[in-house]
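Colleague: Spelled out from the first residue to the last, the chains are:
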Amino acid sequence: MKNSWKIILLLSLVIIMALFAGGLGNNPRDIPSPLVNKPASNFTAPILNSSATISLADHKGKWVLVNFWGSWCVSCVAEHPYLMQLAKIAEKRDDFMIIGVDFRDTVEGANRFLKRHGDPGYQHAFDPKQKIAIDWGVYGAPESYLVDPTGMIRLKHTGPLYFGWFEKIALPQIQGNANGAN
Amino acid sequence: MAQINNMKRFLQAVTIFAILLITTSPLSAKNLNEDPSEALVRTIAKDLRCAVCQNQSVYESNSDLAKDMLEVIRDKVKAGDSEASIRDYFFQRYGDYIYLEPTKSGMNMLLWFGPILGLIIGGLALISAFKKWKKNSVKVEKPKNEDDKKMQARIDEELKDIEV
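The listed protein sequences derive, respectively, from chains A and B.
For the first sequence, my numbering assigns the number 1 to the initial residue and increments by one for each residue that follows.
For the second sequence, my numbering assigns the number 1001 to the initial residue and increments by one for each residue that follows.
No lab work stands behind these hints: they were computed from the structure.
Where hints are given, some of them may not hold.
BS3-like, lysine-lysine: derived pairs with alpha carbons at most 30 angstroms apart [to be verified]: (1) B:Lys-1142 x A:Lys-129; (2) A:Lys-129 x A:Lys-92; (3) B:Lys-1076 x A:Lys-129; (4) A:Lys-6 x B:Lys-1134; (5) B:Lys-1131 x B:Lys-1160.
So that you can see chain A by itself, here it is in the shape it has in the complex (with noise of 0.2 angstroms):
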């Protein structure tokens, strides 16, 4: 009887150490969205640069990379050579494209980013307001969607992404789709 309390004394101390160990690695950034495998949220919104909107709608039947930047962001400026690089992957594909959301920025701001890191030349959505990147469940920046053909979003990347991203976690996901499919 002693010893009984002395196991659950030493039980409780190591279960409670255990989660405080177990929370210190936790990244308070790193919160999962309850948007995947739900259907993307539609957005229509002006075209950086243009007079024209770009739509997501428009879109289905490919797979869209949906990629949420402002040029206030450190991160996206890490993130933009693979971007770039991306954006030549895309233009070889017809399957594959890519979506950028400039949210809470100002054009000049967007464009003296594009002008010294590299125009990837595909298109942005301009939301200063940052009304879709709310609707999107966005926190931060950059974080990106993949959004499968049929308008469903199928994985969130929080972070800038990395050379070997699209081979090694879109591609799998884009042929898995299509093996699935056949």
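Given chain A, put chain B in place with the hints provided.
Modeller: Relative to chain A, chain B alone:
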């Protein structure tokens, strides 16, 4: 006499000052010109977590995201959306992380009732421990035989010497 008068005046001044302080305090401040819908906006925003700051509500935070979220809430309230539907809008997009107060469902039940359960178990353990201690402490035996009495007398004698 003059001193007493001075004292009286001083007390009067302090009283008036205190009354002025109380009546102008933020406690009695009100936004008289506030839009009536703003109260609902505030209720909703106070329970939503600003996603980019730790443990601040959308209403309290000064971050850009929180300000824009507040704007979205305001738009929706103006459009006539109910509190539940606006809360659900953010829940659908950000998950239950967005609520400052965890929902009472699933694993969150552990958060809500775990501490109470822990308190009850701890309380019961304490009670049983106290009982045990009490039982042990009663066991002060009185000297039974002659030898014990002698020994007790000697101990008392020595203790007396130490105390003096």
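Colleague: Run every hint past the structure and note whether it holds.
Modeller: Verification of the hints:
Among the hinted pairs, Lys-1142 of chain B with Lys-129 of chain A is inconsistent with the structure: their alpha-carbon atoms are about 85 angstroms apart, more than 30 angstroms. Under the criterion of a C-alpha separation no larger than 30 angstroms, the hint pairing Lys-129 of chain A with Lys-92 of chain A is inconsistent with the structure, at around 33 angstroms. Between Lys-1076 of chain B and Lys-129 of chain A the alpha-carbon distance is near 15 angstroms, which keeps this suggested pair within the 30 angstroms criterion. Our distance criterion of 30 angstroms between C-alpha atoms is met by Lys-6 of chain A and Lys-1134 of chain B, whose separation comes to about 20 angstroms.
Under the criterion of a C-alpha separation no larger than 30 angstroms, the hint pairing Lys-1131 of chain B with Lys-1160 of chain B is inconsistent with the structure, at around 33 angstroms.
Hint violations for this structure: numbers 1, 2 and 5, all remaining hints satisfied.
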